[in-house]
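Read top to bottom, the protein sequences are chains W and L. Numbered according to the working numbering, the first sequence terminates at residue 106, and the numbering increases by one at each position without gaps. Numbered according to the working numbering, the second sequence terminates at residue 759, and the numbering increases by one at each position without gaps.
No more than 27 angstroms apart at the CA atoms, straight line, and that leaves these computed lysine-lysine pairs for DSS-like:
#1 L:LYS474 x L:LYS506
#2 W:LYS80 x L:LYS407
#3 L:LYS657 x W:LYS80
#4 L:LYS407 x W:LYS53
#5 L:LYS440 x L:LYS632
#6 L:LYS674 x L:LYS611
#7 W:LYS80 x W:LYS53
#8 W:LYS53 x W:LYS91
#9 L:LYS395 x L:LYS574
What the hints contain is simulated information worked out from the structure, not anything from laboratory work.
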Amino acid sequence: MLLIHCPYCEEARPEIEFRHAGEAHIARPADIASLTDEEFSRFFFYRDNPKGITFERWRHLHGCARFFNAARDTVTDKFLVTYPAGEAKPDLVEAANENAKGAT
Amino acid sequence: MRRFSGFAVAREAMRAHKGWGRQWDSPEPRSSYDVIIVGAGGHGLATAYYLAKEHGITNVAVLEKGWLGGGNTGRNTTIIRSNYLYDESAGLYDHAVKLWEGLSQDLNYNVMYSPRGVMMLAHNVHDEQVLKRHIHANRLNGVDNEWLTPEQAGEYCPPLNISKGARYPVTGAALQRRGGTARHDAVAWGYARAASARGVHVIENCAVTGIRRSGNGQVTGVETTRGFIGAKKVGVVAAGHTSVLMEMADVRMPLESFPLQALVSEPVKPCFPCVVMSNSVHAYISQSDKGELVIGAGTDQYTSYSQTGGLHILKDTLEAICEMFPVFTRMKMLRSWGGIVDVTPDRSPIIARTPVPGLYVNCGWGTGGFKATPGSGHVFAHTIANDNPHPINEGFTLERFTTGRLIDEAAAAAVAH
Ligand SMILES: Cc1cc2nc3c(=O)[nH]c(=O)nc-3n(C[C@H](O)[C@H](O)[C@H](O)COP(=O)(O)OP(=O)(O)OC[C@H]3O[C@@H](n4cnc5c(N)ncnc54)[C@H](O)[C@@H]3O)c2cc1C
Ligand SMILES: [Zn+2]
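Input sequences plus hints: build the corresponding full structure.
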């Protein structure tokens with residue numbers, strides 16, 4: 003089971019309190035009716051699915067109930083950083099250093 | 343390769359079984375092939391076998407980064423059935439069941455296909471409606487599936503708790519009698535052996551690291567950990583790693599990779615006669631011929647390539663198993679493991695050409711592709727050989743995610759299956 007740090011509650015909590023909510027940083031198109039089929043398909047069905055660092059949404063369902071984002075390594079399942087929804091993608095070099103500090 | 347027969351077994355019995363020899367070759371890769379298949383799981387090996395057998399294309403290599411059958415093929419709970427809702431799916435999965443019926447003879451290798459019946463339980467009104475809808479749809483497609491009362495279900499599977507006071511009361515069940523199990527490793531080995539006998543190269547410890555294309559975009563071969571190997575056509579059959587491989591040819595996929603776990607108990611004498619699945623409580627169980635209870639869990643919620651999943655997933659499944667089969671509460675579990683399954687938005691596979699000329703993909707089998715192994719290989723070989731799909735896999739394209747013509751088994755089943 004993953005241990006996940008909620009950036010709002012500022013606490014690491016067990017995974018069963020959370021719901022995974024798919025790839026992060028996908029902006030819903032402002033005028034969705036004007037998209038071509040091709041564009042809609044890319045937005046709706048196609049995903050990054052990297053072997054390595056992924057950016058994903060989580061919801062602290064059984065806690066503060068809020069959505070946040072995370073960068074996680076899909077090979078080790080280790081989180082690099084979690085951050086509030088709406089913030090830009092973090093600089094991962096810095097996040098990795100922070101992570102290493104936390105570990106010692 | 344020596345053929346297996348009653349006579350051969352008797353002969354070998356007389357000389358301490360010393361004459362069997364290797365079952366398939368382990369050749370050095372050639373500099374190029376007509377077709378390269380990436381991934382020596384059941385689907386990849388079956389594709390190579392049918393390319394050779396049905397289409398006369400024998401200059402074929404199957405490249406595998408690990409050992410053959412070490413992916414999901416060797417990790418799955420081996421449930422076989424074809425009672426899917428939609429016409430396209432019924433066509434595809436029933437094609438596979440028909441091939442399973444004659445597969446041991448065809449391959450001259452015992453894949454231990456055992457049509458012991460797959461029973462899917464209903465626990466509430468919604469389950470009943472869903473299962474009955476499937477039964478009716480299946481009948482229209484000529485796929486066997488029948489409704490059982492709780493008493494009939496209990497008779498078919500004596501360990502099942504059908505008492506009214508059960509935590510998950512059984513209100514009925516759908517039974518596909520032609521459904522069952524097969525021996526997963528034997529499927530990989532049988533196809534490898536039969537393909538090898540027809541001249542196919544099965545090359546292990548050879549990871550594909552790049553897909554090379556010419557100026558006009560046409561595939562020319564693959565980069566591997568054992569050097570460049572040329573190919574006129576490349577078929578990617580890499581299950582959970584499909585997105586990674588297709589990225590090498592700049593093709594983005596509508597796939598996400600999730601961990602899926604299973605576990606087995608200590609072996610016991612035969613006590614469980616069929617396969618039982620419960621979608622509502624998310625557990626499925628059968629007994630292997632070795633005597634272990636084989637139990638499948640659900641996927642983890644997050645994407646991953648780690649081949650491990652959360653312990654709480656297994657615990658939830660075991661809790662459900664113990665409620666439905668109180669007789670198993672004191673069984674000890676021996677081993678658990680995970681595989682990485684590639685899931686499409688509509689939970690149906692993609693067996694198709696791609697935007698890159700010469701590149702084909704067979705993926706998206708998610709949590710339920712073992713059952714389709716022979717059928718999948720058969721129609722994918724047709725697709726590669728003719729650069730055109732077989733009528734059975736015509737609908738299983740990449741384009742369906744643009745046209746909207748989905749084969750929405752996800753909505754039909756609502757869970758992993
Ligand atoms: C726990 C579990 C239980 C399951 N239960 C069932 C079930 O009961 N019934 C059912 O029908 N299905 C079930 N499935 C699903 C089923 O296992 C798969 O759909 C099916 O086995 C896929 O076969 P495949 O040949 O496509 O993939 P795999 O057997 O995974 O083969 C793909 C191969 O590609 C190789 N590969 C990957 N990347 C590269 C590379 N770069 N270069 C070279 N080779 C590469 C891998 O090493 C692997 O051997 C289950 C799966 C799991 C994990
Ligand atoms: Zn919180």
